[in-house]
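Chains V and L supply the protein sequences, listed in that same order. Heads up: the first sequence begins at 1 in our numbering, then just goes up one per residue. Heads up: the second sequence begins at 1 in our numbering, then just goes up one per residue.
Keep in mind that the hints are not guaranteed to be accurate.
Said to hold, decoys possible - Facing chain L, according to a computed beta carbon distance under 10 Å, are these residues of chain V, among others:
#1 Thr56
#2 Pro86
#3 Leu87
#4 Trp92
#5 Leu180
#6 Gln298
Treat the hints as calculated values from the structure; they're not laboratory data. For every residue, glycine included, the Cβ atom is placed at its ideal position computed from N, Cα and C.
If you want the building blocks of each chain, they are given just below.
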Amino acid sequence: MAGSAVLALEDGSLFTGVAIGAQGSSSGEVVFNTSMSGYQEILTDPSYAKQIVTLTYPHIGNTGTNEEDNESKQVWASGLVIRDLPLLASNWRNEQSLDEFLQARNVIAIAEIDTRRLTRLLRDKGALNGCLLSGAALEAGGEAEALRLAKEFPGLKGMDLAREVSVKDSYTWQGGVWDLESGYKVESDNRFKVVAYDFGVKNNILRMLVDRDCEVTVVPAETPAAEVLAMKPHGIFLSNGPGDPEPCDYAIEAIAEFLKQGIPLFGICLGCQLMALACGAKTVKMSLGHHGANHPVQNLKDGTVLITSQNHGFAVDETTLPENLAATHKSLFDGSLQGIERTDIPAFGFQGHPEASPGPHDVAPLFDHFIDLMANQS
Amino acid sequence: MPRRNDIKSVLIIGAGPIVIGQACEFDYSGAQACQALKEEGLRVILVNSNPATIMTDPVMADATYIEPINWRMVEKIIAKEKPDAILPTMGGQTALNCALDLNRHGVLEKYNVELIGANCEAIDKAEDRELFDQAMQKIGLETPQHGIAHNMEQAYEALEKVGFPCIIRPSFTMGGTGGGIAYNKEEFDEVCQRGLALSPTSELLIDESLIGWKEYELEVVRDKNDNCIIVCAIENFDAMGVHTGDSITVAPAQTLTDKEYQILRNASLAVLREIGVETGGSNVQFGISPENGRLVIIEMNPRVSRSSALASKATGFPIARVAAKLAIGFTLDELRNEITGGATPASFEPSIDYVVTKIPRFTFEKFPEANDRLTTQMKSVGEVMAIGRTFQESLNKALRGLEVGMCGFDPVLNLKLSDAKAILTRELTEPGAERIWYVADAFRAGWPLDTVHDLTGIDNWFLVQIEDLIKDEKMLAEKTLQDIDKDMMRKLKRKGFSDKRMSQILEVPELSVQHKRHELGVRPVYKRVDTCAAEFVSSTAYMYSTYEEECEAAPSDRDKIMVLGGGPNRIGQGIEFDYCCVHAALAMREDGYETIMVNCNPETVSTDYNISDRLYFEPLTFEDVIEVVQLEKPKGVIVQFGGQTPLNLVKRLEEAGVPVIGTSPDAIDRAEDRERFQQLIEKLGLKQPPNSTVRSVEESIEAAQKITYPLVVRPSYVLGGRAMEIVYNEEELDRYMHDAVKVSNESPVLLDYFLSAAIEIDVDLVCDGEQVVVGAIMQHIEQAGIHSGDSACSLPPYNLPMDVQDEIRKQVSALALELGVIGLMNTQLAYQDGKIYIIEVNPRASRTVPFVSKCIGRSLAKVAARCMVGTTLKEQGFTKEIIPKTFAVKEAIFPFNKFPGVDPILGPEMKSTGEVMGVGVTFAEAYAKAQMGAGETFEIKGNAFLSVRDADKPHIAEVAEKLLGLGYSIVATHGTAAVIEEAGLEVMGVNKVAEGRPHIVDMLKNDEIQLIVNTTEGKQAISDSSIIRRTALLHDVFCTTTVAGALAVCEALAFGGNMSVYTIQDLHAALN
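Bound-form chain L, shown alone:
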């Protein structure tokens, strides 16, 4: 029974911007779904506001709408495209919620569109806690004791039932946003109130605490004939109490007997059947008592998820692809698994002969005020996955693949501290991002297994293996490198010890360990991920390293290009770089090279099986990369697309004789080394803000006096503006220097004069060494001083004079040619008082490359990759900048709602996790859509609150006038109000918080403020006003922290809600 004939066109809803809890795994699943449906001859229509995705590439769908994902916009698309069906199960919670809204507002009925994959009833049953609970009772499965509350009174009733500690979760929020664990009444009140405000249905589920229970997830696939398979069972290393997205997880399940596992399997199938997930993938989460095996169902997701992406990569079974085929009527028996070259059927439950470990990656360092303890609300921004033949090996590989400066179980605590015991106890019982290292430290301190188990709830099966690794470290510490024989080397490598960790313990250089290891003939072999544990012959080209006897890599003698990926997602390095890696691999394959991808991020498209010819799922460390290089002997290795991760390896790879292609490491150094960069600027007669490079506090104070304040300060060689700040006086600089020198180790600190109120510009270009073609000039909405990744930007510029743009073109071209760039280059510039300043040059892929590519209809990453292998721009037929006539605005998305207490102010350190794009005939339309895509809602009535720093006061009357024109009344702090009054405009004064009550925060809490413009500078002023922005966030009031942003918002509001929807294909056609 092949696919349904009544479906000719399908609308796929994407997941929108990358946020915590919803990352690039939905690009991976969405891209698979697009391909799976397209190859069946269906017309695929796609909506996704995220331009950095592979799925929004024009070839992926027939009609691609990079438009906001809400029911109103999607209705416009449905009205235009008249799809037969909507597939809502590929775009996470965003897509499911949008589908439910479309149904609620009668859109599905009006246009006679069917939901495939999961219908509204099933989604409701799975998502609505009350309905879910009833459904589980019906099939005899237990759910945790709980109550449901819509107000505080009901919350207290529920508390009676469940007692302390209890787990509070708001309904219909992604990643468990707003949830938490309460041990006392104070915490209970706080979490409940926050949860009620955040839940779109004002609903809380208050659960009995299962802290310390074992947690499992099963990934299930079902077809319309009720055939079900389990793709993967995942066991959480961290016990219940930590969100599964924040837990270290392991596949397959380790500590269940067959009888217990089959209970889970049967229960999962029963859950899918009862919820009514007709086709596709779902995941079911269980808690199991370690005492007696009592089983409770935690939740189920009737869609593909982060876990299903992990399960796909862990097993070699493409869940999303299969789920998409099932949604249009295929059954499991009709499909083969493409990853194994069809050697295994899609109905086969994968059997694996290795251990997979996933470790989440956190970025608490970006949000110092945030609560950094792990709870039931997800806080991680990325993850690493590693494959090994044993848990120890895969765990060690994952630890070093995480790129948090660890190469294994590096000590994190000085055990000689007097309060070491107290710190360890806290870190073990209240887990933070580094708990696993504290576990190792506890063993280092000689704590017994049972103590560590009691404090952490982590199963002894896992703990004893960490204890064993620490014993090995102690043994090794007694030895010298010469003592190590082949047996010992092999034994340690089989447990996953990195050369680097061994070198630290032996106190020798890493290369000495590598040398010794090679001398002893201890080299990794590569095994294949084939879904069947080698039971059958398959042609899978998906590999991982291990220390065993037989190597299955069988490298070919073709010309190969290797692409190094970006590793785990983090703020500043995410999907945009993966996008570039994917394009590079695709371009090289199109040009006849064998392509090899090395990466360790399970969420990504780059680690999908059909992106490259061979995939090595390996940590991106020198050791792991060099071993693959020496085995495969590629003709060229591309490092400039994966962000800072591969660039950090360049020097050592070059020294080891690896053929790195593209811009030379020397050119990269010339751009990144401040002193050499200054010489370059001078040589070309360009301008940069007065600046200096300093190596001590004293040096910095001296230099600052010459440059004058304010200053932008930052450590060298960082991405995402890590630890970048603006300082306004010597005191602030002094404080910064003490912090910054810590973060940057021996690296110097850079001081730049801060060009306040300048217009910031980003330029992406591509160069073949002879010729330069500008990809695009982008004008930032927020003025200089806001990290470029956090700033909204317009392509083309919306009010930058043409002659200035031409001058910018000239300058960046000169820079690229002088540096000898081969590939991509990104330049950040500032324009102030008729002068152009070069702020920064990065001869590599930038975060804006996918956005630019979507706007100009050419893949810059592909063009650049071809330049690297020697195909000139002329040969590629790309010789002229393409300037769109329509506008596109990119807006950044922030995770502030996950971190209550954090000031949502923008600054030079990047804080955004993702981006959306809005397209319009005018800038106003594009900006309005970008804001809508970012989830901002504007009520054009009531009060707009203005409070600005002195530097912005000359411009605030203009903002006030526009807001009044739109229909707002103006409320302002006294200083700002005076300026507005002077301009003859009506304004009401209000107290700052320090000025007595009632003050602005009172007004916010009373919902008397509908829009906020709040600009501020200086550490103290920022901290004083932070309560305003935090309260605004809690009350969901739009808040802009720049005047430029305020003016842009006024334009967007003036445009109103009457937007049109455009396909990317039509926009690209109009460019020619």
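The following block holds chain V by itself, in its conformation from the complex:
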């Protein structure tokens, strides 16, 4: 019989449920994601560092977990909140149940709570700091302890998490995208040399680059521009990542240098925001962030609609775009800026997740655009 667990929020809200995964205590910013598939990818997405993620679909764990679906080497989320952990996992690729997966990675999680109530709360109040407590820690401290820890958590505002989740040493990435028959491809033609800044990069980004004949070198977030330029890359990629873009001055500085050099540049999510900041635009914290795999985005050039995976609480403020930075995409939900492009040099960024994983593949052609930019340069 599973023990109980509580989720406490800084506003005093309490949710009592059942402990799953590892037991203990974990604090973080509580956020949600409405994607109905891809819980393993979400848990291993570095953008969720220091966040306790609530999944709105009630049954999480249906397909178990497997080696192939990890988006990084570890679980980054500080905790998982779900409505129901299924009695068994059923899928031909299943290797380990979600419960075991969480335990093995020491991830604290809670099930059997009204996740819709929690989501509505987070939607109305914005992300709240919270604490998950279970097992001996809960027995010892009780709900009061959970509330205290929730209030004590400093929050992510101004927190430079990219530095924390980034690799410490650079490395060369191997492996293309997943395929039903052959799993992950390994061969690549290495036509383009791409340096990818890791602010919390998801593996699928690197795979999609390799698939398009790139030789990808992943570098730590704080790598100075000169070091990267010395590698003579055909293009530079700025990854997604957690937290507020503004404190990442080291990255903004490096990007400004790349822009000056006119090297093809492609930024995703946090990478896109950093590029905008480097161009002189401003970013803002959104009142309602985007957290799902179903968001329509319009390509402003041809009017087409793309369904995209989204996970961001900050956005580039369209009114602050300098003359040489044009809007290329906007959200059809709230009109917020979703894509930018330099009019003078080959640099662009996208706020959503073209690498999907999880989510629809509609925006994948942006990777082709990056390749085209590099091909045009050489």
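Given chain V, put chain L in place with the hints provided.
Frame of chain V, contents of chain L only:
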């Protein structure tokens, strides 16, 4: 880029009558399409032969033609209306086929009309298996190994390729009619031959069997700029091998990882693009190997479908409405989702935070001779949908919403039987309508998960949850009600256990469980269906119950009227009742009430978002309804429009203090309780056939001797003539009583003297308690003894004397006033030898209300709803019966072609699934159109075959003479031939089957018979002659089983094919 300016008028083709595979989901989509185009200022022209639809309401289109849907009639409409475009994607296979025919016969070109939504090339590519296969190959998608055959030789070639077992499907038939699975050569021959005969193109697709594979459906919407979204992914609970319409299905997909789901998503989009569906909704079906994820495309439909209706209700995304807008040139980015009050854009892929379960509803009990195993040919007649926060909860809600007498996982098998194991094995491997309950029984018997999985092919993810529920039942069985604490109660309710199921297990009354639950403070909350899993704020008023912490219902303090719907469609209770519920809700809203709809049928218009102010998608059980009532506190609850479903709840609702409005439950009881009804008839000095109410076999034999045979026998309190029969002697009565007492439990059985060859009459009226206005008098074509729902009828009567009609008016008015009816009342009467008999009175909405409303230009349901809230008929300005000068004929539609082997004879038990209406200046024109709308084709040459029972022999010469006059030669069985010969008419005798060969069936098989009149009575005679009717059905020969029907057909044939088309708007204008 808003809508196209070159389209000013659009013709929408409806789906016609309700049949298996094509039900009221097309009224739902068609009604949405009409509204969507009308609000854009387009002139909307509509053709649909089905009068029971909301879409054929005069306000829905500018010109509404309730006319047969075939290319000849539609050409007449096109010639008259000159539409710029035709939208063929809203009316199912019927509309697509009609559009293809219009093209084939050059009509589209001649009148320069464009098909919008899907063009002929796309329809062909999707529907023609060969073209589809090529298209899929082109985009690198696999289809099952298969062959195509146009004759048996080619069929054997295909068999070489695919091997046994294989799946055989005829092309261009709806719901997979005529298809099946063959495990051996004998079955293969049978299914292939039937399929070749049924396919309009004599084409079969013979597929490799994917039995046991997982099955998925994706609902896709595409616009002209190639923007595509997936509205919903549906996973079948039943593995491949059972038609998706007959499968239990679940949304969203449960057992796919994101990577696998995205493969399906990409493939669906590629399919739409390759097939060339320019705009609108389509569905794509996939099979996936549970072993390795291998993916094959099963089929795609380039139109809205049953699944898209389900997907719309499951997600809160109105597919048909959006598809209609896209068809006239809008793009997805220009549209908002109206269900969420525009909070989400139409280009948003819905994310749901609940689980939806659909369970099909079958009616094999109506067709005892039918093969009741589920295969690739659809057999269900309706469905229930339920929403819960977990699969267990939604499954349990769906099981009790199905209204088949189950309140959850009730046991269906006595596990103590010696052959229990054999029965379970068969029921698990060869699924029937109740497989899911046998699955539970297998767990009850302790069978391991893997065994059940191996036998059923159902994914373990689903099975383990059923196993878990059975474990809970066992745990509960050890307890008493007192033992149950709040935690346990909450845990069980969160898994969807109904109070009733718990009460059965605990062996206490249901109300005790409810009482205990309320005492413990365990009450449902209501969550909203908002398409976005609460990511955004929306004003959606579409709700479902669950056991969670937060309730989002936020009831208002306005004056509210609640309408209880009819639940899943079944034979005897279908779209007609939904029509009434919709009208009641619309009327109440027009009068300023907040309206609340409670229903659980996803196909219907009543569960559309804009019909009521608030929609509770809930099972129509006492428990579920009372919880909504106690939350919303409506001023009145309307129960008389949803058929028997809500009426069955009346007594308990009243006892619980629910303000049921309209005719009092006591009045309903007075009409339904035979003894009280008899007193009523006597009090008013009216006549009814001699009758008796009996409670045992002995009582029945005794009573029958007094009344004399033949007798109509039936259990009390049923709808649709369930288990109703005519018995001609004591032996038959004795057999019936043993069966009937079983079906009716403790309820008594009713015996009525059967008035043979009487004219049957239906009257619908509305009463405010003070005044009565007759809606219409309808004369049945078939004589008394055929269930009124199965009989064709004429409005106004076509040969019933005026003074008789006036007397009928007097009698029904007296009845209504005496009963104190407030709302609708339907009366069935018989007229024989100058006497009027009251057969039955139903103080509620009847199946004919929509038909009558279409004929008289007033919505009886709206008038009745207003009476219920106290607006008198006088105040409503409806004080006088409206009698049309034109004729309208309603004809019933039967599902016999789905059930090979079933005798297509009509009787007192209702068997029809739908109806069509024909309108004409004369009865003959109207009847001819009704037959045409029913899909009957007549060849006026060759032989007409007559064989009638003795009672009909005096009238058969008249029929023979008319048929001869039309140009037929007459063939008759010897007894009938003698009568015809005596009348001096030319006739050829033919053997009955028992009389030696060659006999009549040989002639039928040789296509030597073009029309059949075959009347018969008595169990034995019926069974002897059944082969004639079954063969006729197989050879598509028109067969009438009554002399009255034969005479009407003669009139129709004499009228010929020169029909005019009329709009309902013009017909209504002529009434004033």
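Do the numbers back the hint for leucine 180 of chain V, that is, is its least Cβ distance to chain L under 10 Å? 6 Å, holds
Hinted contact proline 86 of chain V with chain L - closest CB pair below 10 Å: 6 Å, holds
Would the stated hint for tryptophan 92 of chain V survive a check requiring a Cβ distance to chain L of less than 10 Å? Status holds, d = 6 Å.
Leucine 87 of chain V as an interface hint toward chain L, with CB separation required under 10 Å: 5 Å, holds
Interface hint check: threonine 56 of chain V, Cβ to nearest Cβ on chain L, cutoff 10 Å. Holds or violated? 4 Å, holds
Classify the hint on glutamine 298 of chain V as holds or violated, based on whether any CB of chain L lies nearer than 10 Å to its CB. 5 Å, holds
Comparing the model with each earlier hint shows no violations; every hint is respected.
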